[in-house]
Amino acid sequence: MQLFNGDNDNYKPDEVDFQLMQSLQRDGRESFSDIARRLGIAVSTVSKRYVNLVEKGILKIIGRVDPNKVGFNAYASILVQVDSVEGVQRIAKQIAELPEVSFLAMRTGEFDLEVNVMCRDNNHLLDLMNERIHTIAGVRKTETIMYLKVYKWGQPELSLIQNHNP
Numbered sequence: 077m078q079l080f081n082g083d084n085d086n087y088k089p090d091e092v093d094f095q096l097m098q099s100l101q102r103d104g105r106e107s108f109s110d111i112a113r114r115l116g117i118a119v120s121t122v123s124k125r126y127v128n129l130v131e132k133g134i135l136k137i138i139g140r141v142d143p144n145k146v147g148f149n150a151y152a153s154i155l156v157q158v159d160s161v162e163g164v165q166r167i168a169k170q171i172a173e174l175p176e177v178s179f180l181a182m183r184t185g186e187f188d189l190e191v192n193v194m195c196r197d198n199n200h201l202l203d204l205m206n207e208r209i210h211t212i213a214g215v216r217k218t219e220t221i222m223y224l225k226v227y228k229w230g231q232p233e234l235s236l237i238q239n240h241n242p
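Quick note, our numbering runs 76 ahead of the 1-based positions in the sequence shown.
Careful: at least some of the hints might be erroneous.
Capping the alpha-carbon separation at 20 Å, the derived lysine to aspartate or glutamate pairs in EDC-like fashion look like this [stated by the list, open to error]:
#1 Lys88 to Asp142
#2 Lys124 to Glu91
#3 Lys124 to Asp110
#4 Lys136 to Glu106
#5 Lys217 to Glu190
#6 Lys169 to Glu190
#7 Lys217 to Glu186
#8 Lys217 to Asp159
#9 Lys228 to Asp103
#10 Lys136 to Glu91
#11 Lys169 to Asp159
#12 Lys228 to Asp142
Here are the in silico distance ranges between beta carbons for each label pair [what the hints assert, rightly or not]:
#13 Asn199 to Ser120: 13 to 23 Å
#14 Asp203 to Asn128: 35 to 45 Å
#15 Leu202 to Val119: 44 to 54 Å
No lab work stands behind these hints: they were computed from the structure.
Backbone N, C-alpha and C fix where the C-beta goes; we use that ideal spot for every residue, glycine too.
Start from the sequences and build out the full structure, keeping to the hints where you can.
Structural data, given as structure tokens:
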């Protein structure tokens, strides 16, 4: 697994790229022909733009599963405090390899990392904490916050940045 580092060769998506990405956010299976027709551009332009966005790591098409409907019933945010600043990157890489992890970020404050996980149940979460996270060398302490109900899964609406992109 690769950690996200935000590096995309400094490529700045333009208006057409944003429209293509918005279309694919709504329906990742929409045909290039339909997108081209709606945007008033050639299918080859859509195809080339798509390939470029994928190669740059800006766009990735995935199937989003509703965790509740497939048996993930314990969601949590785990805050992790690390022994030393030098250990944060090493520990983040180890935590990123855990299949339960859906989000991982360095943060400010008392804790160095925030880890969002999806587990089958509380016992699964407990095993994850005790057998895998707490056994990583350099993890000083953790604090776990359970999510009782998730009201929205999603990504930010691209229009929020599109109209403010210089």
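Hints and how they fare:
1. Lys88 to Asp142: violated, 32 Å
2. Lys124 to Glu91: This hinted pair holds, its Cα atoms lying about 15 Å apart.
3. Lys124 to Asp110: Distance of about 15 Å is within 20 Å: holds.
4. Lys136 to Glu106: holds, 14 Å
5. Lys217 to Glu190: holds, 12 Å
6. Lys169 to Glu190: Holds: Lys169 and Glu190 sit about 13 Å apart, inside 20 Å.
7. Lys217 to Glu186: holds, 10 Å
8. Lys217 to Asp159: With a Cα-Cα distance of about 9 Å, the restraint between Lys217 and Asp159 holds, given a limit of 20 Å.
9. Lys228 to Asp103: Cα-Cα ~18 Å, so holds.
10. Lys136 to Glu91: Between Lys136 and Glu91 the Cα gap is close to 18 Å, so the pair holds against 20 Å.
11. Lys169 to Asp159: Answer holds: Lys169 to Asp159 is near 15 Å, not above 20 Å.
12. Lys228 to Asp142: Distance of about 10 Å is within 20 Å: holds.
13. Asn199 to Ser120: 13 to 23 Å: violated, 53 Å
14. Asp203 to Asn128: 35 to 45 Å: About 42 Å separates the Cβ atoms of Asp203 and Asn128, which means 35 to 45 Å holds.
15. Leu202 to Val119: 44 to 54 Å: Once the Cβ atoms are compared, 52 Å apart, the range 44 to 54 Å for Val119 and Leu202 holds.
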